[in-house]
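Q: Take these sequences, add in the hints, and give me the full structure.
Going by my numbering, the letters in the sequence shown line up with residues 554 to 999, in that order.
These aren't lab readings, by the way, just hints derived from the structure by calculation. Only true hints are included.
Below are the EDC-like pairs computed for lysine to aspartate or glutamate, each with C-alpha atoms no more than 16 Å apart in a straight line:
{"hint": "1", "residue 1": "Lys737", "residue 2": "Asp751"}
{"hint": "2", "residue 1": "Lys672", "residue 2": "Asp648"}
{"hint": "3", "residue 1": "Lys725", "residue 2": "Glu736"}
{"hint": "4", "residue 1": "Lys918", "residue 2": "Glu951"}
{"hint": "5", "residue 1": "Lys660", "residue 2": "Glu599"}
{"hint": "6", "residue 1": "Lys725", "residue 2": "Glu685"}
{"hint": "7", "residue 1": "Lys732", "residue 2": "Asp693"}
{"hint": "8", "residue 1": "Lys726", "residue 2": "Asp792"}
{"hint": "9", "residue 1": "Lys732", "residue 2": "Glu801"}
{"hint": "10", "residue 1": "Lys743", "residue 2": "Asp941"}
{"hint": "11", "residue 1": "Lys726", "residue 2": "Glu801"}
{"hint": "12", "residue 1": "Lys732", "residue 2": "Glu695"}
{"hint": "13", "residue 1": "Lys725", "residue 2": "Asp792"}
{"hint": "14", "residue 1": "Lys620", "residue 2": "Glu685"}
{"hint": "15", "residue 1": "Lys620", "residue 2": "Glu665"}
{"hint": "16", "residue 1": "Lys726", "residue 2": "Glu780"}
{"hint": "17", "residue 1": "Lys660", "residue 2": "Asp621"}
{"hint": "18", "residue 1": "Lys773", "residue 2": "Glu760"}
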Amino acid sequence: MIVDNYVRNPFQLRAERAYYAPNPYVLNAGGSGGGKSFGIMAWIIERCIYCPGSRNLILRRTRTAVKDTLWSQVLPDVLKAFPGLRETIDLNITDLTVTFRNGSVMKFAGLEEGENRDKVLGQSLTTVWMNECTDFNYRDFEDIDTRLRYIVDGPNGKPIPVKLLLDCNPTKKSHFAYKLFKEKVDPITKQPLVNPNDYVLIETPPEANAANLSADYIEKLKRMSPEARRRFYLGQWGDDVDNALWTEANVNKHRVPAQTPQEWRARLTRIAISVDPSITANDKSDECGITVQGIDADGHGYVLEDLSMKAVPDRWGRVVIEAYQRWQADLITVEGNQGKLLLNHLLNSIDPTAAVKLTTAYKDKVSRAEPVSALYARGLVHHAGVFDRLEDQMYAIETGYKKGMRGKSPDRVDAMVWGFTELMVAKGPPKPGAATSHRIGGLFGR
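A: Pasting the structure below:
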């Protein structure tokens with residue numbers, strides 16, 4: 554019998570009680586270094602040992618991230634806490650899988666767009682861990698939840714509950730994890746959850762794991778900038794950025810239901826696919842921003858789809874053309890600073906009939922975004938559904954923003970701004986009072 558020998562701190566013990574309880578969802582949130590990842594990994598390994606045949610999926614946003622952190626760093630440390638286990642399991646570095654003698658499997662993967670995403674979510678599962686869940690969106694959460702249905706028996710011979718575990722250093726209150734686990738509301742409808750007790754929140758401070766941290770680690774966290782200190786030391790969720798160009802309250806106020814491309818095409822006068830291109834697709838590359846926007850006869854704009862992805866040009870080019878055809882779009886607008894001839898040739902080689910307009914960025918990001926932000930403030934732009942990752946980027950951009958201030962480039966926002974610049978800014982929005990968001994009620998019957 555293999556038994557772990559690591560000493561749990563009080564917060565890890567509390568978290569384990571939540572993991573073992575019947576509730577299906579647990580979020581472990583808090584500052585950096587609190588031992589969240591170690592504790593969750595150890596618990597999943599125990600589930601593999603004592604629940605034969607269990608299928609367990611460990612996720613980060615990208616495969617590179619999960620390999621470099623959880624597979625290469627956390628897993629070896631946790632295995633040391635289970636004397637004798639390493640000799641009884643098979644570690645496959647190619648597939649990033651751990652196979653136990655009793656048939657249990659731990660699979661490490663990235664939840665990226667495209668074929669790999671379908672492959673990752675192509676089987677029924679017993680346990681899923683969304684590590685650094687603030688890198689995911691609510692669509693990811695819902696997709697994953699549908700895969701949690703593979704039931705196995707526990708040590709007592711009775712079926713164990715499926716589990717969806719999440720952890721994070723908190724970011725913004727607009728994130729779906731805050732809505733579900735803190736506010737206990739549906740992230741889309743904002744209505745109270747029907748089953749609030751299913752969502753259990755554990756908060757773990759860095760001090761909980763002080764015995765395993767370097768002497769000055771916590772002091773370093775305390776000396777961070779106010780925003781970083783709030784997130785990585787205090788583990789607190791933040792409000793909208795001061796002087797933000799967009800706010801969650803405004804976007805939510807004017808949000809409308811999603812419709813099919815055919816329904817939107819019948820209602821809109823113009824539809825544009827907009828692209829903020831990327832040339833490479835390595836771990837340090839920016840995403841290729843790809844968004845779909847439309848405008849109606851009254852001058853109201855709509856965000857229809859966010860297809861942004863990290864991919865090589867040939868792959869994202871095919872996604873752009875597929876969207877152009879599926880939405881029966883009027884044009885594709887592409888920011889051409891990275892090589893106009895190359896980008897034009899790329900898209901027209903896939904579809905020679907595509908109407909492609911190449912633009913050049915002469916202004917900085919904020920200067921380009923401010924006219925579009927003003928349209929939002931007037932209630933002239935509506936999101937048709939929820940676009941978590943796009944909206945997270947929007948809420949992080951404020952006056953004075955410069956690339957790199959809050960992580961990677963906001964490519965999704967850049968693409969959206971190019972789209973509405975083409976559809977609304979260049980031609981000028983309706984004059985104040987000429988059209989208001991009240992028309993949405995009649996259009997959608999709300």
